[in-house]
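Work the whole structure out from these sequences, hints included.
Given next are the chains, with one letter for each unit.
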Amino acid sequence: MTMPEIIRKVGLIACGGEELPEGTISRIAARLVLEELRPLHTVTLCLPLFLAGGEAERAFARRQPTITIDGCEKLCARRATATYSGRPAVSFIVSEFIDYKGLRPPIHRRTLDEDEIALTRALAEAVAAEVDTLVEAQRSGGLGGMLSAQKGDGQKVVFADGTDEGLPVCACQSGGPPARSLQLASGAVQVVALDAILAQFAREGRPADASTLQDMLALVKIYNAVPPEAETDYAAALQREYAGFLARREKQA
Amino acid sequence: MNRPILVIPCSGIGKVYGTVGRDAALQVVEELRPGATETMCLSLLVMGDEEARRRVQGAQTVTIDGCALACARKNVEMAGGQVGAAVMVLDVYRRHRHLKSQAVTFLDENGQELANRVAEETVRAIDALHDGRGDDHA
Numbered sequence: 001m002t003m004p005e006i007i008r009k010v011g012l013i014a015c016g017g018e019e020l021p022e023g024t025i026s027r028i029a030a031r032l033v034l035e036e037l038r039p040l041h042t043v044t045l046c047l048p049l050f051l052a053g054g055e056a057e058r059a060f061a062r063r064q065p066t067i068t069i070d071g072c073e074k075l076c077a078r079r080a081t082a083t084y085s086g087r088p089a090v091s092f093i094v095s096e097f098i099d100y101k102g103l104r105p106p107i108h109r110r111t112l113d114e115d116e117i118a119l120t121r122a123l124a125e126a127v128a129a130e131v132d133t134l135v136e137a138q139r140s141g142g143l144g145g146m147l148s149a150q151k152g153d154g155q156k157v158v159f160a161d162g163t164d165e166g167l168p169v170c171a172c173q174s175g176g177p178p179a180r181s182l183q184l185a186s187g188a189v190q191v192v193a194l195d196a197i198l199a200q201f202a203r204e205g206r207p208a209d210a211s212t213l214q215d216m217l218a219l220v221k222i223y224n225a226v227p228p229e230a231e232t233d234y235a236a237a238l239q240r241e242y243a244g245f246l247a248r249r250e251k252q253a
Numbered sequence: 254m255n256r257p258i259l260v261i262p263c264s265g266i267g268k269v270y271g272t273v274g275r276d277a278a279l280q281v282v283e284e285l286r287p288g289a290t291e292t293m294c295l296s297l298l299v300m301g302d303e304e305a306r307r308r309v310q311g312a313q314t315v316t317i318d319g320c321a322l323a324c325a326r327k328n329v330e331m332a333g334g335q336v337g338a339a340v341m342v343l344d345v346y347r348r349h350r351h352l353k354s355q356a357v358t359f360l361d362e363n364g365q366e367l368a369n370r371v372a373e374e375t376v377r378a379i380d381a382l383h384d385g386r387g388d389d390h391a
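Quick note, the sequences are listed as chains A and B, same order. Our numbering applies: residue 1 is where the first sequence begins, and numbers increase by one. Our numbering applies: residue 254 is where the second sequence begins, and numbers increase by one.
There may be inaccurate statements among the hints.
As the list claims (entries may be wrong) - In silico EDC-like cross-links for lysine to aspartate or glutamate, where the CA-CA straight-line distance does not exceed 16 Å:
| # | chain 1 | residue 1 | chain 2 | residue 2 |
| --- | --- | --- | --- | --- |
| 1 | A | K74 | B | E366 |
| 2 | A | K74 | A | E19 |
| 3 | A | K221 | A | D195 |
| 4 | A | K221 | A | E55 |
| 5 | A | K251 | B | E366 |
| 6 | B | K353 | B | E366 |
| 7 | A | K101 | A | D115 |
| 8 | A | K74 | B | D302 |
| 9 | A | K74 | A | E55 |
Claimed, not checked - If you want the ones that stay clear, here's a sample from chain B, every Cβ over 10 Å from chain A, calculated:
| # | residue |
| --- | --- |
| 10 | P257 |
| 11 | M293 |
| 12 | G311 |
| 13 | V336 |
| 14 | S354 |
| 15 | T358 |
| 16 | E373 |
| 17 | R377 |
Rather than coming from a laboratory, the hints here were simulated on the basis of the structure. All values derive from a computational prediction rather than experimental measurement. Even glycine gets a Cβ: it sits at the ideal position worked out from N, Cα and C.
Below is the structure:
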């Protein structure tokens with residue numbers, strides 16, 4: 001049986017500024033990395049969700065290292081990420097990238113021409129290279145952030161519990177790992193990738209003891225916003241969930 | 254001369270509806286109602302940029318949102334702006350379900366057609382706002 005590969009994630013935040021062609025380029029470059037170049041290792045979040053969303057969205061950059069892509073020197077993506085979520089690991093500025101490469105500044109906001117698409121692809125390649133660096137740093141223990149998954153055909157992600165959830169692309173959960181309700185003493189909360197995490201620990205033969213629960217909580221915190229004051233509550237709920245999971249698994253076996 | 258109406262899309266990056274809304278907004282400001290409309294970077298509002306806040310507080314605004322999270326409308330409202338009309342791409346899609354698309358990065362034929370419909374709806378909202386402003390025109 002093939003052991004599951006640990007899929008490391010890097011977050012991408014593009015400014016997507018509507019007023020400038022560079023905003024369009026930031027957005028499309030991010031999409032190219034997500035969709036074509038590094039689909040297994042990247043996830044994104046709409047920048048306006050930092051304000052319009054909740055704590056789960058604001059925890060985005062705390063879950064994984066983040067690369068921001070800004071159109072101009074106002075640095076909205078970098079500043080928003082740092083302000084509301086966490087300091088980005090790497091920042092790109094489209095206008096500086098254009099200067100550095102000696103390319104023609106873009107003029108189209110809506111439909112890019114051939115040169116602008118070439119520029120966008122070059123930027124996407126540069127971002128993808130930084131994704132590789134960050135993934136390697138995570139792999140060697142330099143950064144946190146992982147989700148256990150088995151690669152199927154190299155494109156689709158099959159989660160450890162055997163469910164096929166497609167490519168995790170968007171942090172708002174369209175195409176991402178499913179969230180499930182976890183009953184805390186203080187009320188129910190949605191926990192992203194809960195079933196995959198339970199399955200991973202069960203597959204490793206971990207008992208429902210304090211050491212396992214500590215590791216499990218650490219993994220849950222990577223993809224979920226867990227307030228420090230609620231950690232004990234989460235740990236107790238995870239213990240109940242995990243004990244129930246193991247019992248059901250044994251019964252099925 | 255009328256003060257330009259601000260057309261602000263959410264530009265959501267995870268789903269096709271964000272791309273559709275963005276294309277519709279740029280279609281309106283560049284082709285359908287140039288001069289009468291402008292757009293602005295929503296991310297500037299998210300960052301609390303003072304000039305951006307002044308712009309939305311001093312103009313009528315039409316927001317275009319891709320999904321129910323309504324990031325464009327909420328951010329404009331949080332900045333103290335007045336949302337004259339809020340266009341929802343999902344609502345337009347529900348009326349044109351044959352225009353299903355999943356091409357997020359570059360719109361395909363269905364996505365483009367859906368964007369055209371959203372742009373038409375946005376223009377109707379803009380024209381209604383212009384008609385209703387009377388002597389309030391700057």
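Going through the hints against the structure:
1. Between K74/A and E366/B the alpha-carbon distance is near 33 Å, which puts this suggested pair outside the 16 Å criterion.
2. Pair hint K74/A plus E19/A holds up; C-alpha atoms about 12 Å apart against a cutoff of 16 Å.
3. The suggested pairing of K221/A with D195/A holds, with an alpha-carbon distance near 14 Å, which does not exceed 16 Å.
4. For the suggested pair K221/A and E55/A, the alpha carbons sit about 13 Å apart, so the restraint of at most 16 Å is met.
5. This hinted pair does not check out: K251/A and E366/B have alpha carbons roughly 53 Å apart, beyond 16 Å.
6. Between the alpha carbons of K353/B and E366/B the distance comes to roughly 10 Å, so the proposed pair stays at or under 16 Å and holds.
7. Using a Cα cut-off of 16 Å, the hinted pair K101/A and D115/A holds, with the two alpha carbons roughly 13 Å apart.
8. Using a Cα cut-off of 16 Å, the hinted pair K74/A and D302/B holds, with the two alpha carbons roughly 10 Å apart.
9. At most 16 Å may separate the alpha-carbon atoms for a hinted pair to count; K74/A and E55/A exceed this at roughly 25 Å.
10. Consistency note on P257/B: stated as away from chain A, and its beta-carbon is indeed over 10 Å from all of that chain's, at 13 Å minimum.
11. Look at M293/B: its CB is around 6 Å from the nearest CB on chain A, not clear of 10 Å, so calling it non-interface is violated.
12. A cut-off of 10 Å between C-beta atoms confirms that G311/B is not in contact with chain A; the least separation is 16 Å.
13. Every CB of chain A is more than 10 Å from the CB of V336/B (nearest about 13 Å), matching its label as outside the interface.
14. For S354/B, the condition that its CB be more than 10 Å from all CB atoms of chain A holds, with the nearest at approximately 14 Å.
15. T358/B, annotated as away from the interface, has a beta carbon of chain A within 10 Å; the closest lies near 4 Å.
16. At roughly 16 Å from the closest C-beta of chain A, the C-beta of E373/B stays outside 10 Å, upholding its exclusion from the interface.
17. No Cβ of chain A comes within 10 Å of the Cβ of R377/B; the nearest lies about 20 Å off, and the non-interface call holds.
When held up to the earlier numbered hints, the structure conflicts with 1, 5, 9, 11 and 15 and fits the remainder.
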